[in-house]
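Colleague: Residue numbers (our numbering), protein chains in the order written: chain A, 5 to 342; chain B, 5 to 342; chain C, 5 to 342; chain D, 5 to 342.
Please note: incorrect hints may appear among the correct ones.
Identical copies look the same in the list; a pair holds intra-copy or inter-copy alike.
As the list claims (entries may be wrong) - Below, simulated SDA-like cross-link-like pairs (lysine to any residue); rule was C-alpha separation at most 20 Å, straight line:
{"hint": "1", "residue 1": "K26", "residue 2": "P36"}
{"hint": "2", "residue 1": "K26", "residue 2": "R328"}
{"hint": "3", "residue 1": "K74", "residue 2": "V24"}
{"hint": "4", "residue 1": "K12", "residue 2": "R158"}
{"hint": "5", "residue 1": "K11", "residue 2": "H82"}
{"hint": "6", "residue 1": "K64", "residue 2": "Q280"}
{"hint": "7", "residue 1": "K26", "residue 2": "E308"}
{"hint": "8", "residue 1": "K160", "residue 2": "D91"}
No lab work stands behind these hints, which were simulated from the structure alone.
4 protein chains.
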Amino acid sequence: MLIVMDKKATQAEIDTVIAVIKQRGFTARPIPGGERTSIGILNNKGHVDGSPFLGLPGVKDAINVTRPYKLVSREFKHEDTIIQIGDVSIGSGNLTIIAGPCAVESEYQALTIAEHVQRSGAQLFRGGAFKPRTSPYSFQGLGEEGLKILAKVREKTGMPVVTEVMDMENMDLVTEYADVIQIGTRNMQNFSLLRKAGRASKPVLLKRGMAATIDEWLMAAEYIMEGGNSQVILCERGVRTFVHHSRNTLDLSAVSVVVKESHLPIVVDPSHAAGQRDQVIPLSRAAVAVGAHGLIVEVHHAPEEALSDGAQSLYPDQFDRMCRQVRSIYNDLKESNG
Amino acid sequence: MLIVMDKKATQAEIDTVIAVIKQRGFTARPIPGGERTSIGILNNKGHVDGSPFLGLPGVKDAINVTRPYKLVSREFKHEDTIIQIGDVSIGSGNLTIIAGPCAVESEYQALTIAEHVQRSGAQLFRGGAFKPRTSPYSFQGLGEEGLKILAKVREKTGMPVVTEVMDMENMDLVTEYADVIQIGTRNMQNFSLLRKAGRASKPVLLKRGMAATIDEWLMAAEYIMEGGNSQVILCERGVRTFVHHSRNTLDLSAVSVVVKESHLPIVVDPSHAAGQRDQVIPLSRAAVAVGAHGLIVEVHHAPEEALSDGAQSLYPDQFDRMCRQVRSIYNDLKESNG
Amino acid sequence: MLIVMDKKATQAEIDTVIAVIKQRGFTARPIPGGERTSIGILNNKGHVDGSPFLGLPGVKDAINVTRPYKLVSREFKHEDTIIQIGDVSIGSGNLTIIAGPCAVESEYQALTIAEHVQRSGAQLFRGGAFKPRTSPYSFQGLGEEGLKILAKVREKTGMPVVTEVMDMENMDLVTEYADVIQIGTRNMQNFSLLRKAGRASKPVLLKRGMAATIDEWLMAAEYIMEGGNSQVILCERGVRTFVHHSRNTLDLSAVSVVVKESHLPIVVDPSHAAGQRDQVIPLSRAAVAVGAHGLIVEVHHAPEEALSDGAQSLYPDQFDRMCRQVRSIYNDLKESNG
Amino acid sequence: MLIVMDKKATQAEIDTVIAVIKQRGFTARPIPGGERTSIGILNNKGHVDGSPFLGLPGVKDAINVTRPYKLVSREFKHEDTIIQIGDVSIGSGNLTIIAGPCAVESEYQALTIAEHVQRSGAQLFRGGAFKPRTSPYSFQGLGEEGLKILAKVREKTGMPVVTEVMDMENMDLVTEYADVIQIGTRNMQNFSLLRKAGRASKPVLLKRGMAATIDEWLMAAEYIMEGGNSQVILCERGVRTFVHHSRNTLDLSAVSVVVKESHLPIVVDPSHAAGQRDQVIPLSRAAVAVGAHGLIVEVHHAPEEALSDGAQSLYPDQFDRMCRQVRSIYNDLKESNG
């Protein structure tokens, strides 16, 4: 952290800042400049909170110089983390496709879709049993019944399943049935849930919050890792901006930044970013082209009858085309890098 | 809901849309225009999800015509809701000031601050016992110990206390101690928590999510009301935008819109919006001038030693000045309206 | 500027950065920390561009420590700038109200509105002769004919007039007729226009760009001052965010920041921020409460017939109420500060 | 346009709205619903402004049903527009790469870079002679001298050149030298400049404004086309959001939407969106994968010495790699679609 003083700060004000730094157990290094003095804070083990300094007389700014995260950082662990789920590897050197309906609606629906997506090359099946819905009057998912259907899908197809956990009370239940536990965008900073996920025995797919910076997102992952669970898959799913032609704005540069800053795998969810079907395939191609380690995509065999998110679900034949296109791009890239 | 067809939509496509509308139990009213046809959906009791229609051939757009909320709506209940907490009334015709530290740190700290803010005219005391923190390594609050200190503050000063609940597991504990349960910005769409709060016996102060539209915010309140708890206080605390000179951007027009759309009281938190002390007093004045029913403000007797959010906490004498200024503005307004 | 090196940066990489800093004529001050080295850049007269450093091997970040602006800065000129337009003073110690229609439509319309707003206490008259419109098919203003009407309004009422200049070609014409030249939000970074305004003989009202940071806005003012015109009035008019219940989001904390960082006066335009009439009065009160030096407000005697922006124009009696309310808040504040 | 009435709107209020609609020359079609009445506006030739209706008593909302643009719309002209510049075609069925330095700095610099990028497969050369800079103290470009250097580059390499025009005064000069006239993001709603470009004899590359919706962007193109110049190339270059790990957030779904809504070609500028070199190649791949018709990329042979935007300029060998990767993705896509 760097404390920047006002041009007119007095020596007494500078000395006070230095005293407060020392009092907190850090080392203060004053850096007199041509016009003003700055003071570096050294020997801090973790993140330093700038707030106490901003309030002191003569202080103009407090600037963070280092990143606040540790366990998730590539500076901490240099090698890519690869997460193994049965036969499927998620992370560097792999392109993993996760697909299925927004919500599990019935055994027939889930199995029908599962067979379709498996045939096209999906390796994991997704489907919500507990659904976070903006309205209390909307379909909220089948609950445990939905989890049981997911278990049947796994049994029949061999595909591991990804499903969302919405609260601490259901964590054990969801962990029992799921191969990957999803934490949704609205819960990215539900710290109690993150802590609980940190003690879970299954990998966690952590969606980025709709208004989260990458620092905040990685800190949410840090909560999980700090709890002892190092199997975290990050998922970019669009952020909220002034743009309204898509539901959210897919932030693809986040993939490059995450890969640089962290060793964790990152997948992209184009369906929720788009909010409408005809943007999903182009955005999927873009996500793979930018370097994501996988995709999580909504597919429905009869979207016009879906109980949620129908408009953004691909038809099976569209999903099939998508798989062929993204695999081709992925192979291209691999070749050109290899 | 209005379904807008493409200019070149065929009659068969229009007929399909009409059939799907009927199949869902609604009435379809086609509206042929000069250039294209639109189809109104009538006789829906609640909100209609446009997704299934957006996917149909020939459909260009699906436009919501009505609001999705019901119980929170002023169309549902015309009179202002006023919430009574002991002697204090929150809502139309009152200006309620809630003040205290970000986090309860010790009995001495809490009581010292409580005496200060009460003397200046605060009616409720705020203080966090469970703290949502971006970093797992930051101070997370004193937990139940903090709640007990809050109870002592109430006992000694008579001020009702407001404190945050972070998860379902602590809901009963927090409800036992608190006079008002706060749901924080990061939990605004933690639907399990909202449902639980809907069954709580205490009023809920519901902060707006950092990226929430007013519709989403009111729908979060709808979850609480739908559960049976009609004592909801809304709290605007700034939204995330590209602007970085304040921590968040206080959206004061939200106050006008909420007052128009809903019967619930709305207060403003200038401290978290600002993120720095010297913006807090001006924003407090603005919040009262725009018509908010109250303020929730962070105050600390020694901010430079605060364990969290020190930079945005007012000194007691600043808070005193703030109270005098906002009361004066409030009285002015009352007079000019009365 | 502070150059932050990677933890694993080599001494050779550090030396290269130091060499590049020196080569650009600055002084390099290495600051070895516990985990990594940072390098301060000293003795730069103006703003240093971090770009060349970000590209060097071993460099993690380049952080600006000082502000880029100079002439507009309060560090450069400590006393508030007060701009005199005839009898009217704009700036510290004054509350200036500018009012009138969006566009000048006819002599009758302009004079009718001018008489109304003057009676309520407006000191300057606003009205557009050249209108920037999103659509080429919308009414574009009366042009020079509109300017002549403005001159008549001034003649009859004695009120100085504010009107927008849209391009360099019309600068001389507009300067001839206007008492204050307005540069609109879409032209805030039209640098050719700013330079031309820097050589104009009239004060300039510079609206903030819809997506401009305060730094960018102040740098736009710097262009005008650097050209020799030090009479700049800043105008906050809302920024573009994800929020859609108002046309733009009024950023009132910008007023506090501008007053702290700059000596220039700042007024607020609640009409364009709101985009609808019923938010204008509350936001006007908030703007004055936060400490703005004035307001610029749209008023129309028959808004439903207005050729542009009718929905956000106040009726004369609403404007009258607004003036009484904001004057009362202003006097309150003055008293409490004095 | 659809006018939505309050639930409690009286028949008299409904009748007034109908009267105002008729008075403006449109047809009113009342649509009584279960709970409230809406009124459709029919027989409007162009865009209807909702403002006058929003102000009428009993009106809750005014919702646009149709798009405001005409000449740029695919409903107006169904076939893709392909723009021919010498031997180079821009638009559907082609992938056009435009590359060069941010600013022309010298003949040596421009020619060196031009030879590099041409060898890697760039078809057009870009370079700024007039530079819009945030600070008046930054390098502003070589002006006409820069244009002459561009002409030499074209002469020696045969590559057509793209360069920015900043104001009306230089339009003729720039048009004389350039093969494609660029209008920058800060001038996207400089309507005087757009009108002038509508009378220019050269194609126009129109960058999206930093906070522009697609509607506003297409309306800016409509200004140019309405003036008689139908050769418009749209350029997505990132929008301003709360995200700060890239300079702007590249909005790739915009490509899909533009291709659907308009017949005009669209290219992507990853350099300005990223603001830093290591995001440029991944974003270029993503842009081509999403379906853009081309790229405009900054390249410099010695970025650390560049007078502007050095940090985001690719080294020649990076550009070469980028070209190979994007061509490969493009060919893949073509094959899978063909």
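Colleague: Sort out which numbered hints this structure fails and list those numbers smallest first.
Modeller: 2, 3, 4
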